[in-house]
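Q: Got chain A; can you put chain B on it based on the hints?
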Amino acid sequence: MRNNQPLRDVSPTRRMTAALLWMVGLLLLAGMTLIFVPQASAQNPTPPPAISDDQVNAIAKEMYCPVCENTPLDVCPTQACAEWRELIREKLAEGWSEAQIKQYFVDRFGDRVLATPPARGLNWLVYVIPPIAILLGVFLLYSAFRAWRRSAPPPAQASPPAAGSAPASDEYVRRLEEELRNR
Amino acid sequence: MLANFGFGALLITLLISLYGIGAAIYGVRRNQPAWVESARLAMLLTFPLISVVALSLIVLLVSGHYELEFVSSVTSNSMPIYLRITALWGGQAGSLVFWSWLMSAFATAVTLRRWDRDREFLPWVIVVSLITLAFFLILTIFFENPFERIWRAPNGQFIVAMFQPAGASLAMMRDGQGLNPLLRHPGMIIHPPMLYLGFVSFVIPYAFAIAALITGRTDDRWIRITRRWALVAWLFLSLGLILGGRWAYDVLGWGGYWGWDPVEIAAFMPWLTGTAFLHSVMIQEKRGMLKHWNMVLIILTYCLVIFGTFLTRSGVLSSVHAFAQSAIGPMFFGFIGLTFIASLYLLMQRWDSLKADTHMTSMLSREALFLLNNLLFMSILVVCFWGVMFPLISELFTNQKVTVGPPFYERATAPLFAGLLLLMGVAPLSAWRHSTAKTLGRAIWKPFIFSLLVGVLLPLALGVRHWAALLGFWLSAFVASVTLYEFWRGALARRRKSGENLALALWRLAGRNRRRYGGYVIHLGVVLMAIGIIGIEMFQTETQGTIPRGGSLSLRDYTVTYQSLAMFDTPDGRNVARAVLSVEKNGQYVGELHPRRDYYFESQQPMTIPGVRSTMEDDLYVLLVDWMPVSSQGATFKIYHNPLVNWLWLGGLVFILGTLIAAWPEKDPEEAVERAPRSAYAGAQV
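Chains as they are written, first to last, in the numbering used here: chain A, 1 to 183; chain B, 1 to 686.
If a hint is listed, it holds; no wrong ones were tucked in.
Calculated pairs, EDC-like style, for lysine to aspartate or glutamate (alpha carbon to alpha carbon, straight line, at most 16 angstroms):
1) B:K401 with A:D107
2) A:K61 with B:E537
3) A:K61 with B:E542
4) A:K61 with B:E410
5) B:K401 with A:E69
6) B:K497 with A:E178
7) A:K61 with A:E98
8) B:K286 with A:E178
9) B:K401 with A:D111
10) B:K585 with B:D557
11) B:K286 with A:E179
Note that these hints are calculated values from the structure, not bench results.
The following block holds chain A by itself, in its conformation from the complex (with noise of 0.2 angstroms):
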């Protein structure tokens, strides 16, 4: 609308939304990333002979059945969970790694035991998806202020009056005022 307005209105506001607006596109992305981080698999030299509940539970946390439904193996009270986790507890007792067990049961039945689908093949998009979607959104979101900010009028009706004069706690009043009252 008019040429000197945007130079004079590239103002700290705007700069400061632009700034949280990347801060925001930024921390989904790094709590994205996070996914892929592998986890690491504390590995064990040697095991000591008896191997407790805590450490079987450990592994089993983090596996489902193919039988039970979304009940991870640690607390599933069927009698086949129950053997899985002896399974478990021999293997570690044999000396295999918290990784050699996942991927033992892996091989036997499938990826689904895994708590999340190791990322490879299709699976990908299982973590590229919603990275994707969400920085489309902060992108639409971002380029719809920007068209907002390019078309408003000036802020004259805006401006609230003498703002700049009046004690804090006035201001504060009438703002209040007017918004218990356009409801």
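A: What follows is chain B alone, placed relative to chain A:
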């Protein structure tokens, strides 16, 4: 025969609904109000008719007519009366009847409102409600008929059919299989009706939105009419989710309250869009913006309501292939697709008339922050939707089932939830229309400093070192400080102006805008829930061990000692193994716990009931995992230490209280606002 009677009533209801749809459309097209009135009466009639259907079914359930396949699958002789009644929603077919019943009740309630100023909406609200109702009735009649009976063919085979097959005789069953024991818990008895109430009451705002699109009356009238409906829907949905969490904690025996199970997510998704909707309609009411977006949100919410019912009811989750074979799945799929496309088409038609009245002027204004809030809610929705859909897609294309479990959802949504908390702290302090970094900063610094003291220094002093937990506690403290500060500032300002004492000022202030201050109470509830969630998610510890009688297990400050184990049968068909444990905290005896394992003979299902010692500080949650044949030899226990989890339930109560405040009926508020000039209204209230 009562089954035939009920089925007949079901058929008549469907016919009446179809008639109502036709009459409403005909009446509005030909401009003949008599037809619309006839359609309205048809909608009113559906409620008593479905009540007859539902009551017949309840009588059949209570009186043990096990020749009905549905009755025998969810009830048995050993079940008490109240469980037989609630078995109505314990199985597929009955729950569809129940859904229709509630749907019709809400549709009736909305028909009875005064329509004088909204005549043009009426026919289309009727059409949308009745189409939804008819869809569920068709599912019930043709695919999931609860009145189907079991017949014995001459060759001895059992046949399930509504009407007598040639030569077959009715199979006389003495007993049924009984309700799934997991569903016999009080939480599970109340939880489905709450969810369904939430689901069906979201249909009403959607119906008005569609009516607004069709009639072209696209101002914010539809939003003002349905504001309370949306809040009530949201109240029930929230209540359903919270009760579901409590139920999981009490009976599922895995020490948690939320497992990111697809069934849970199915109910969570419409809640997400509904929450986004409740926030973003305020922008339309105040600023006349985002009219398209609000339409999209309510359409999404409606489709997710149907989708949620579809996910839980079609069997698609256990296997895509089973879904493809059953007829109910494709029906749902088609219905969701059709309604979604038709709604979007209508929206496109009215796109131009939904242009915003004003523009966004400041990126730190309340409306801009609400938009960010919407973005975050939508992002969580994307994560949830994709997490639920991906295993289905994977199975469809690669024939390989995969599990998308809690780790996926937790990692993906945790930053989003944190972002929401941050917004919840900042947004109440920003002004509508115009807000600058300076004004915002001036409002924010006091609660900010306070929240650092309470949310960071206090946990640090108490020994919390984990950065994510500290961040979470700080965010919670920040939201709480800002919210309380808002109450405090408002009450102070009011006292200065009117001279009322502080308590009265606070009371009247909240009374003047219940939605605003109810909303703040909801925020406080969320904070309490967040504290509980941080506590259990980040600091839960567990141990498991097999101990002989007299032996002990220790976890944190607690030591539990195995005293005895008793096994006995109960009259309602269970074999119970109940352990007695004594609990010591820091060496001090604090009581006994009785974890049990109930084995249900009828359904051959075990159920693990935890023994829980619950305080505001932490829960000690003990499960009986296993025991030796000679119980004195030993038993296996699993112990969870769940810090702060009670804050979650407390927060849930506050949350519901806040929603009640926000939704509490005033003297027909929309009428009052419309009739009285604004200033007079404000004056009258003071």
